[in-house]
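Student: Those sequence lines, one after another, are chains A and B.
If you count the first sequence from 1, position 382 lands on 474 in this note's numbering, and the numbers rise without skipping.
If you count the second sequence from 1, position 94 lands on 186 in this note's numbering, and the numbers rise without skipping.
Note that these hints are calculated values from the structure, not bench results.
Hints may contain errors.
Stated by the list, open to error - As a list, the in silico SDA-like pairs of lysine to any residue whose alpha-carbon atoms are at most 20 Å apart:
1) A:Lys510 / A:Gly426
2) A:Lys456 / A:Gly218
3) B:Lys369 / A:Gly464
4) A:Lys212 / B:Asp216
5) A:Lys219 / B:Lys212
6) B:Lys215 / A:Gly218
Quick caveat: nothing in here was measured; it's all calculated off a predicted structure.
There are 2 protein chains.
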Amino acid sequence: MKVTELSREELLALESELQAKYDAYKAKGHKLDMSRGKPSSLQLDINNEMLAMPLDSYILENGLDVRNYGGVDGTVEMRRLFSELVDIPMAQIIVGGNSSLNMMYDMMMRLFMFGTLGHKPWKDAGKIKFLCPSPGYDRHFAITQAMGVEMITIPMTPTGPDMDMIEKLVAEDETIKGMWSIPLYSNPQGIIYSDETVRRLASMKTAAPDFRIFWDNAYGVHHLFSENSIPDILKLSAEAGNPDRVLYYFSTSKITLPGGGVAMMAGGEATIAEAKKHIGIQTIGPDKVNQIRHAKYFKNAEGIRVRMKALAEQMVPKYELVLNLLESELADTGLLTWTKPEGGYFITVDTLPGCAKATVALAKEAGVVLTGAGATYPYGIDPRDTNIRLAPSYPPIDELQAAMELFCLCVKLVGVRKLLEA
Amino acid sequence: MKVTELSREELLALESELQAKYDAYKAKGHKLDMSRGKPSSLQLDINNEMLAMPLDSYILENGLDVRNYGGVDGTVEMRRLFSELVDIPMAQIIVGGNSSLNMMYDMMMRLFMFGTLGHKPWKDAGKIKFLCPSPGYDRHFAITQAMGVEMITIPMTPTGPDMDMIEKLVAEDETIKGMWSIPLYSNPQGIIYSDETVRRLASMKTAAPDFRIFWDNAYGVHHLFSENSIPDILKLSAEAGNPDRVLYYFSTSKITLPGGGVAMMAGGEATIAEAKKHIGIQTIGPDKVNQIRHAKYFKNAEGIRVRMKALAEQMVPKYELVLNLLESELADTGLLTWTKPEGGYFITVDTLPGCAKATVALAKEAGVVLTGAGATYPYGIDPRDTNIRLAPSYPPIDELQAAMELFCLCVKLVGVRKLLEA
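Model the full structure from these sequences, guided by the hints.
Tutor: Next up, the structure:
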C-alpha cells in the first residue's frame, strides 16, 4: 500500500487504526534497547572460555614478562596476530588497551598539543576543520566537537564519501586537517568504500601538509552475508608519497569483548616511531596480560576468522528478522528506505523528511530505545531529519522482534501524521 | 676507615687495591639490573592464582555486564574496594586501566587542552611552571618536560618538600600551575610527608586559582619496617576552601601486576564530574573484566592489606641486605650518605659531590645497571651530581648481593679518585 498516495480520508482512517495498535503496544510496558552496537550476552559468552583459560607461561618470546612493566607498543605476540589479520607489517603496529576510540582520542590530543613530524601543533594552527562523512559514527564526531574542530558534513554515496567534494575541499583549504572514515561496512550504513574511493583518498592533493585520515577499520573482519575487503590504504598512500597520511585503527571489541578486548593502531613508520615516543611518556605500558590471553587463545588470524563465522551465525538471523520486517511492513509504503548491508553492526533507514526525531521519540514513549535521531550527523543535527540507525546486535531475538514491530508502527504513524500536515 | 681523611699515598694505595677488585669483578661478566622499581618474578607469581581464577558471573551489582561497553568511571565493585583502601568516598573515585601514570598524563593533557572548571586552558596561559620536589620520580618530570612546562626544583627535607619555599613561590607567581608529589615513602627517598606539610599544601594561598597538586600515592599501602600514614589531603583541602586542588592517584601496579593491574584517580566532586565528561568522550570504558577479577580476588581492603604483608616479607630481606652492605662497606668512609626508608620501593644514596654519574657509569661498565644518575631531578640534571636511586625489588637476592658489592666498590673507587683530584 503506497501510503504516500492515499487520500486525506484514507490517511485519517489509517492514523486511527495505527494509533490504536500503538496504544495497545504501549500498554504492554515493554522495556527494549536497540540503541547501541553492543554485542549480545550470548556473543559475549563465547569468550568465557578464553577468560578462564590458564596461561601457563607469562614470558613472551622476547623475554619480557607480561605481568611486569614495559612494552610500550604491546606484546610481539599480539602485534603479530593483528599483523596477520589486517595485513600490515608488525613494525607499523602499536597494540594498546581495550579501546581503539581511546587510541584515536589520544592521537588527536597529541596532534593538537605537539603536532606531528615537525608540523605546527594544531592548537597553534587557528581554527581547523575535519571532514565528516555522514551519516557516520557519533563518537567520532564527539571527539572533534570536544576539541573545537569545525566539522564539515560530506554526503555518503554507495561507494563511500563523495570524493569529488572531498578532493575539491582538501585541495583548496589548508585548515582542513583531517577526516573520519569507517571504510568497510561503514557505521551506520554498512557501505563498502570502493577501490577507487580508497585510491583517491590515498593519493589526493591536500593543501594541509599534515592532513590525516582516521581510518577506523572497526568492522574489518565483521562479514555477514558475504566477505568483502578494501585495498591496503597504508600501502597505497605510501606509494602516492603520503606515507603518514593514514592513521589506522582496529580492535577486538566486537570480536571478543568491548569491556576487555585489545585495540591497535597502525600508520607510517615515522608516525609510529613518533607515537611510541609519546606513549612511552604517557604510560608504563598497556595491559599485556590481556594481550597474551588473546594471542594464546586465538593462536593466529585464522582463529579469529573462525570466531567471526560463529558470531555471524548469531547475527545473521537478527539482520534477517529486521530486513524481513522492514520489507513486509514498509516496502511499498513510500515511508521508509534502506539498504541491506553485507557486514558490520547496523542497518540504517531513512524516513520521510522531518520524521526521524518524531519516530524515535514515539518509540521511546512505548518503551523502545533507539539510537537518537541526528546522532549520525556532526553536532547531532541531521539536516533533513530522516536518518535512523538500527542496532540489532544486542537484544535477544524475541525482543528484537517486539522492538522492530513497534518501530515499523512508529514509522507509519509518524509518516501518516506528516502527510496529513502537508 | 674515614677515606676522606686519608693521605695522598694512602689514597693511591687504596685506589690500586680497589681497581684490582673492580677488574676481577668485571672479568666475571655479570649482567645485573637494579635500575627500575619493578616487582620481582616471585612477587608477580603470587598473582597467578588471581589470573587463573574462574569469574563465575560477569554481571555487576548494578546490572552492567563487565564484558560489554560502558562504565566510564569503572566498576562499582572496584571503586568500593579502592574507596575502603584509601579512605576516599566512592563518588570521588574514577577507576581506569592499568596505569595511574597514564591517568596523570591524560589529566595534564586535558588541563592544557580544555582547562578545568572554567579556568583558561593551560595551552593559552603562556609559559607555565610546575614545582618538582627533588629527588623525585623521573616519569613525572618527563610528562611536564614533554608538555613544555618549566620545572622548578624544590629541595626535599625529612618532612617532605621545603614548604617555606613552596608557599612563597605559589603565593607570588601565578604561572606556577601545579606540583608533583609522592607523599608517602616518596620516590626515591622514602620520605613521609609530615602532617604539617600536608596541611600547608592543602591550605596555602596560591596566585594561580587553578593550581593543582598531583598527589601520586603510589606507595600508599607499601609498608616495610613500620606502618605509616598521612593526613587525608582531599578532606583538608576541601575544608580549607580548595576542594579541587588535589588530583589523587593510586594503582595496584605494585600490589598485583604492573602489566595487568588497575589504576584509579580521585579528586573534588566538580573535578571528578568534569573528568568523567571528558573520559566519556575519550573511551568506550576501561577494561572492566580486569577490575572485577581484582575485586573478586581481594574481596575487600583487608584482602589487599594481607597481600602487602606477604610482599613485605619478600622485600624486607632485600632492603636489609642493601642497608647492611652499605653500613658495613661505607658507613665510616665519608663517601656516601643514606637513610633507611620505612616503606616504598627504593633506597636513595648520596655520593660525594660530582661522583654520582661516574659511579653509575663505572657500575655499568662492570655489568650492573643502576637508575641513571640525574634521573631523579628535573631535566635529568642533578646540580650536585650526588644522588643515586637503588631499586632492590627486582633482582633475586643473590644477584642483589653481587650487584650491591660492586656498587659499594664503585662508590669507593670513584670517591677515592675524586679525592685524588682535589
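Student: For each hint, tell me whether it holds in the structure or not.
Tutor: Comparing the hints with the structure gives:
| no. | hint | result |
| --- | --- | --- |
| 1 | A:Lys510 / A:Gly426 | 13 Å, holds |
| 2 | A:Lys456 / A:Gly218 | 41 Å, violated |
| 3 | B:Lys369 / A:Gly464 | 19 Å, holds |
| 4 | A:Lys212 / B:Asp216 | 15 Å, holds |
| 5 | A:Lys219 / B:Lys212 | 17 Å, holds |
| 6 | B:Lys215 / A:Gly218 | 13 Å, holds |
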